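Chain residues, written in single-letter form:
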Amino acid sequence: MISELEMGKAESELELGLGLSLGGGTAAKIGKPGGGGAWGERGRLLTAKDFPSVGSKRAADSASHAGASPPRSSQVVGWPPIGSHRMNSLAAKSAREEEEAGKKKVKDDEPKDVNKKVQVGFIKVNMDGVAIGRKVDLNAHSSYENLAQTLEDMFFRGNPGTIGLTGQFTKPLRLLDGSSEFVLTYEDKEGDWMLVGDVPWRMFITSVKRLRVMKTSEANGLAARHQESNERQRK
Amino acid sequence: MDLRLPSKVLEHILSFVDSNEDRNSVSLVCKSWFETERRTRKRVIVRNCYAVTPAAVARRFPEMKSLTLKGKPHFADYNLVPDGWGGYVWPWIEAMAAKCPSLEELRLKRMVVTDECLEKIAASFKDFKVLVLTSCEGFSTDGLAAIAVACRNLRELELRECIVEDIGGDWLSYFPETLTSLVSLDFSCLDSEVKLSDLERLLSRSPNLKSLKLNRAVSLDALGSLLRLAPQLVELGTGSFSDKLDQEAVAKLSQAFSELKELKSLSGLWDVLPEYIPLLYSVCPGLTSLNLSYATVQMSDLVELITRCSNLQKLWVMDLIEDKGLEVVASSCKELRELRVFPSGAGLDETNVAMTEQGLVYVSEACPNLESVLYFCVQFTNTAMVTIARNRPNLKCFRLCVMEPFAPDHKTQKPLDEGFKAIVERCKDLQRLSVSGLLTDKAFEYIGTHGKKLRMLSIAFAGDSDLMLHHLLSGCESLNKLEIRDCPFGDTALLENAAKLKTMRSLWMSSCCVSFGACKLLSQKMPKLNVEVIDEHPLETRPDSSPVERIYIYRTLAGPRLDMPEFVWTIHKNPEIGVSHLAIK
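As given, the protein sequences belong to chains A and B, one line each in that order. Here the first sequence is numbered in UniProt numbering, starting from 1 and rising by one per residue. Here the second sequence is numbered in UniProt numbering, starting from 1 and rising by one per residue.
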């Protein structure tokens, strides 16, 4: 029941309507004539194939679309249905968190101000094979072991009823010793992905932008670097 | 012998009839009742500003004191209605200024309000008292200044979630020193800072102020002095709750809160820091309404607050509350009537997973008066919905937003048909329903069969075929507003149930499979409806088989509207050629 329409140039990304202009109101991308914006690409009905759903077998089919990469559900206009004020507030919040994480590096040498507890330490964690990411508070952890334990609890044990995560993994993750199926990696301020554990903890939390629990097989490039740098250090 | 009730007696009787629904019935009895009713109606509500002309309304209700208007369709809230579609209030203000100059109250929702409109209001209505703008746009803080300076008896000025061109906080200083009648002030949606001294002076001379909702720019430090000037507040929306205060300031603020003996409603609390939560403890027992939906605190802190709110009737919160927190809500807030849980992440990949369907189940079990629910959740199960329906057959509004489109029951991988079936079957007074998740036509067969009192229905990413729409239009007797996006139908259902559309306020369909030809046919068949095709990217030539981007159909006495932008097509424009020559340059 889907009809593919050629509605002119249709290369633009779908974007959530965060780009609200004052006095305007709609997703800034829609208004351009000649194919810009959501309808340029979405001249067809979005179906289940477009959305990689947790536990659904249909996710495998999602690669088949005419050129366009399937829109993430967070990139569909007006979805989820949250009003623009709320949406802007959420966007501003994550922007602030990233900004704060950046500022932390500068303040690291100053005596720790106990009263200054802002939402600084929350960073995103994604795990390969799990659609839903989590957030973890780095401030609430004192070491790599600590962090690894929390992540293991989050993705492995979880709460009863946690969607799709419990029971998926039968073995403890053992993220730090390189022995298991998964390794813990992070993206730093420069955008590079590194294996977690190389630098002192305090330095780590000032430079980490986000975390990813990656399949060891995929982390080969990184593992090599890790071994190389270890070898170099030993020399 | 004249058996008619003398009009003076009828007038007196009608003065006791408040509800407009009843007044509408009264006006149908006979001509003289119609006349008496229309001359005595003070509060006029027009729920679709294009259903009737301003002149007709002004003519019919010359004694109007209060006017409520709604403009854009609901999905405009989610950016589905393009800029410039319509909803202009200017013609209404012009008409009322000419015919009903004693208008005192204006309440607008989803309308375009310009500074000129605000200036005209200020200039035309001598005794203007109440301006409430919800989800409106098109004006700047200059327009607010015009209202502030001119309306000598202003009682209420409320801006709820408006999009305002914020030129600065000066507008507040335009309230004259002689203005002492303020009862409610809400500028929570503005960005810029107002001068604290202006605000303090305003509060000092407003002994009747009951509701104050500050914007984020008002610091925590300032809050203390403001509260001390208005201890009689019943509703408070704080500003930002995150500055660092020294011990003395904290003590003073705590004292100020404890003086708020009348406080029933609390909101704002942007960026609230966990260590400031105890400041609110003193007001908790009296609260009936608590809006924490901008408070990004974790479950343990939220819980501390909620355990103390035993009289809460309305709770808005983010999913940071988690299932465990909702369990606490269930045990602490036995008077709860309305629960809204909003997502804390802007997208699916940022959502906190520790809140599931279980949280809502807890609340449905333990809160006997729960009748209105808005719940954003990543996924759901049929069992949970069946349980909720069994627990709460008194639900009137059930809006479930499963954020993952097409998400099935995450335990059984089946569609959520059975869950929604239970809801509509058991909740016989259900008036508003939003469905989501994986749904087949069956779900809508159930809704059509059981949803007899359903007035408003919202659907996204659902159904298999035209049958879905057919079930709804033919089954839901009370259906008034239907809004659908991204569903795979349906010319056939639409045309077959065309007559139904006359009994509804409006139908919205976007990103569905409605063809241009069907729109033309429908327009021809139903002259009393406005069938608007809203297409920002129309094809050069428009074959009948091409699907339209959006269609908005509403009944109207006013005929085609005169303010349609180029991207809105109705049959009145040019039925033969269609949109091609009207394409946007």
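The hints are simulated quantities; they were obtained by calculation from the structure and are not laboratory data. A quick note: this is a predicted structure, and the numbers were derived from the prediction, not measured. Treat each hint with caution, since some may be false.
[As the list claims (entries may be wrong)] The following label-pair restraints were derived from C-beta to C-beta distances: (1) A:91 with B:204: 30 to 40 Å; (2) A:95 with B:275: 18 to 28 Å; (3) B:543 with A:181: 29 to 39 Å.
Every residue gets a Cβ at the ideal spot worked out from N, C-alpha and C, and that includes glycine.
A quick look at each hint next to the structure:
1. About 38 Å separates the C-beta atoms of residue 91 of chain A and residue 204 of chain B, a value consistent with the hinted range of 30 to 40 Å.
2. For residue 95 of chain A paired with residue 275 of chain B, a C-beta distance near 24 Å keeps the hint of 18 to 28 Å intact.
3. The given range of 29 to 39 Å is broken by residue 543 of chain B and residue 181 of chain A, whose C-beta atoms sit roughly 55 Å from each other.
Checked against the numbered hints above, the structure violates only hint 3.
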